[in-house]
Amino acid sequence: MSLIDAFRSPCVMRVKTSTPDGEGGATTAWADGKTFSPAIVKDSDTDSVIAESEQVSCTYTATVGKDVDLPYHSVFKRISDGKVFRVVSDQADTQSPDCATFSFKQVKATEWEET
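Once you know that position 13 of the sequence shown is 13 in my numbering, the rest is easy, because the numbers rise by one and skip nothing.
In case anyone wonders, no lab produced these hints; they're calculated from the structure. Honestly, I wouldn't trust all of these hints.
No more than 16 Å apart at the CA atoms, straight line, and that leaves these computed lysine to aspartate or glutamate pairs for EDC-like [unchecked claim]:
| hint | residue 1 | residue 2 |
| --- | --- | --- |
| 1 | Lys42 | Asp81 |
| 2 | Lys34 | Asp69 |
| 3 | Lys83 | Glu113 |
| 4 | Lys77 | Glu114 |
| 5 | Lys105 | Asp69 |
| 6 | Lys105 | Asp5 |
| 7 | Lys77 | Asp32 |
All of these numbers come straight from a predicted model, not from anything done at the bench.
Go ahead and model the full structure; you've got the sequences and the hints to work with.
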């Protein structure tokens, strides 16, 4: 087992749907999508510390295989504790080069509430 495998935890993508409520508005619902197992680590850099002191959500780094699609503002839930995360970075920014012997990409995510 590699070190990154030790940090992996089962997660599920969350899919947002809106349906008309019959009164000119809409009702939002969330449903489970594809499952995947990212390695999620809480960031401890200065930005995260500042965010915590200002009562803003903590930031996390999620590491996934290149085959997992995590676009900006996608939402996923960690199955073990139900914590929901929202991606706040572009997945193309930090991924391993094609010539590398390992294949992964990383995104930044924050704790988030489905509304």
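> Checking against the hints above, which ones are violated?
Replying inline: none
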